[in-house]
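Protein chains: 2
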Amino acid sequence: MDDRDALARFGSRVRKLREAHGLSQEELAEAAHLHRTYIGSVERGERNISLINIHRIARALRVPPGELLADEGEGESVEA
Amino acid sequence: MDDRDALARFGSRVRKLREAHGLSQEELAEAAHLHRTYIGSVERGERNISLINIHRIARALRVPPGELLADEGEGESVEA
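Each protein sequence line maps, in turn, to chains A and B. Residue numbers for the first sequence follow our numbering, so the first one is 228 and each next one is one higher. Residue numbers for the second sequence follow our numbering, so the first one is 228 and each next one is one higher.
Next comes chain A alone, as it looks inside the complex:
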């Protein structure tokens, strides 16, 4: 897995969990104290997100932060 794949997989996971919680990007952004457009770019794998922001998103999604980086080989597709 190369570096960009890591970002795309992370973003895909955030999107899945956000949607599973029935949250809009705006709602997640507000809960995580981040900007909506930032959440969008994270979900698209465009951001080399920092550890502090990983923790903020994890808290907002009520999952352990490590779960956002889990690599379970579930064959997750990465939507653009």
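These aren't lab readings, by the way, just hints derived from the structure by calculation. All C-beta atoms in this analysis are idealised placements derived from N, C-alpha and C, irrespective of residue type, glycine included. Take every hint as true, because none was put in to throw you off.
Per the computed footprint, the stretches of chain A lying under chain B, defined by three or more beta-carbons under 8 Å from a beta-carbon of chain B, are:
id, region
1, 230-243
2, 268-280
3, 284-295
Dock chain B against the given chain A, drawing on the hints supplied.
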């Protein structure tokens, strides 16, 4: 857990795993394609490390990246 705690816990975990592998900071840095002084500052919780570098360190330590963020309440102490 506040943001700085998150960095300190991450750094503490990296240090423990590095030492468990019998690696020096220099050896880990080389394996992760990062600088030794950078590894030192990460271990001290001074860096808001990015996702790409989390993956590089995880690969070098041969652990899943999520494991570096695990929060198992093991009462990990954070050495300066």
